[in-house]
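Novice: Now for the letters of each chain:
Protein chains: 2
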Amino acid sequence: MQIAHLEITLAGDEKGNIPSYQMGSLFHGWLMERVSPDYARLLHQSEMKPFSQYVEKKGQEAIWHISALDRTACQEIIVPLLEEDFSCIEIRHKKEVFKAGEKKLVYSFASYKELADRYYLESTPSRVVKMEMVTPVSFRSGGEYQIFPSLHLIYQNLINRWNQFADKVSLEEKNLAATLAEHSFISGYRLETRYFPLEKIFIPAFAGRMSIKIAAPSPMVALINMLLGYSAFSGLGIKTSLGMGGVRVIEEKRGEWSGKRQAILKIHSSRKFLMIKYSYGD
Amino acid sequence: MQIAHLEITLAGDEKGNIPSYQMGSLFHGWLMERVSPDYARLLHQSEMKPFSQYVEKKGQEAIWHISALDRTACQEIIVPLLEEDFSCIEIRHKKEVFKAGEKKLVYSFASYKELADRYYLESTPSRVVKMEMVTPVSFRSGGEYQIFPSLHLIYQNLINRWNQFADKVSLEEKNLAATLAEHSFISGYRLETRYFPLEKIFIPAFAGRMSIKIAAPSPMVALINMLLGYSAFSGLGIKTSLGMGGVRVIEEKRGEWSGKRQAILKIHSSRKFLMIKYSYGD
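Going down the list, the protein sequences come from chains A and B. Each residue of the first sequence is one higher than the one before, starting from 1 at the first, in full-length UniProt numbering. Each residue of the second sequence is one higher than the one before, starting from 1 at the first, in full-length UniProt numbering.
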């Protein structure tokens, strides 16, 4: 198991407090206390974390989403949470205890190749992708927090993670994020700013929904679907291990695209690389 | 009277249909039939219209907002609507008749100087401005419709209008829009896409609310407040004579700004120009 997404239903505490996204960093703290000290140290040192987690409040209960992006993270984080001895989360300094109910391993992929195949073997990939930003999403660019979505930043963020953790399938192409952004656009959204609490600061971010339309030849459509689909595991933007950037992805309309520009897109899949090369005719 | 904003309450028609922003271009058509043929021809030829109008649905009635930006428009558009013989709006091809109720001349300024004074004589201008985009706002930039707000585009749009219609007070400064955008930022928003119907097409746009924070010396704060305040008359973005870009402006927090950069901002107000010059120390 190399990629996994676990959902744990949490009940409110004795006082009726229900966990919400604002508690993301407290849940992260609890998680770090549970993993082995060596692994915690390793995670602390790594700039890009091989896992993401966020809390989603849903009526009178909450869903805690935890994703692992490599084999070790699956072993160190997901597997222990599935064990019977884990039955509640205690946020000590807040004196809150949340009981874990149903545990659902929603997705698990043996490899990145298996995840990629899911999109590349699809005969008519979605040309409209709807994303729900469940917890606040933010990007750092030009030294500033970006509170509006940008497809370029979104793709770059996901490509970086993919290449960091996908050991046998990597995306090698100059300016790939820019190319993908040129062939897709945000067609609709309903978004609002949210400020994510982190120790003593609040990080500017946004949450809500948006639709992405893809005007590209099929293999590129598959690639965009794959990257956006991956965000449901990796999270999107900054601080995804602390509870930010929790997203859900819905692929929608299918059907062929016919643009003015004819496009030939070749995918060289080898054991080592999923290389993508473009060439455009007139 | 050089600038005026008129609000007319409209009742629903016999079938209970209430006018909404989607009817903007139909209301424009009705208005153009009422003005003198010479003036209609003049308006048709002018790229930047000296008026704006939009329809705001409010519960079981609607408010029709009409603003005039120069003396002729006040005379040709606002004054006739205030006359008693105007009592209903007939959208012929839809066979709808909307009765006019209360007519309120919400604002009227004798001159642009008078409007400018309102902001420049304010001792502590607002450092937070909240805007409500009541009807869909869109910009054209780089050959594309912009469905996210950009302060640079907003300021440029308003400066262009101001300089077009303010005969004795103009804003002359290179890169003024960029400078203003550097000294302010969108701190919060709740926006969604809306598609504005125009004959046979739908123009991508956005509506909702946003807050703008201004980090600048007082005179620049006054200028930004003035420009944004002007948008309540001129409308914002494209197609403001057809019902798009209807905005409301709320000035909020007051108080001094203390930035790292010391700034000296001089305003030379003469009969002809309200010139703005910047010089920054370290």
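If you are wondering where the hints come from, they were derived from the structure by calculation, not from laboratory data. Where is the CB? At the ideal position from N, CA and C, for every residue including glycine. Careful: at least some of the hints might be erroneous.
[Claimed, not checked] FRET-style restraints, in silico, Cβ to Cβ:
hint, chain 1, residue 1, chain 2, residue 2, range
1, A, R34, B, F185, 32 to 42 Å
2, B, L82, A, N175, 51 to 61 Å
3, A, E47, B, Q60, 30 to 40 Å
[Claimed, not checked] Which residues of chain B face chain A? A few of them, derived with a C-beta cut under 8 Å, are:
hint, residue
4, Y145
5, I147
6, F148
7, T193
8, E199
Novice: Now tell me, hint by hint, if it's right for this structure.
Specialist: Results for each hint:
{"no.": "1", "hint": "A:R34 - B:F185: 32 to 42 Å", "verdict": "holds (40 Å)"}
{"no.": "2", "hint": "B:L82 - A:N175: 51 to 61 Å", "verdict": "holds (59 Å)"}
{"no.": "3", "hint": "A:E47 - B:Q60: 30 to 40 Å", "verdict": "violated (57 Å)"}
{"no.": "4", "hint": "Y145", "verdict": "violated (10 Å)"}
{"no.": "5", "hint": "I147", "verdict": "holds (7 Å)"}
{"no.": "6", "hint": "F148", "verdict": "holds (5 Å)"}
{"no.": "7", "hint": "T193", "verdict": "holds (4 Å)"}
{"no.": "8", "hint": "E199", "verdict": "violated (21 Å)"}
Checked against the numbered hints given earlier, the structure breaks hints 3, 4, 8 and satisfies all the rest.
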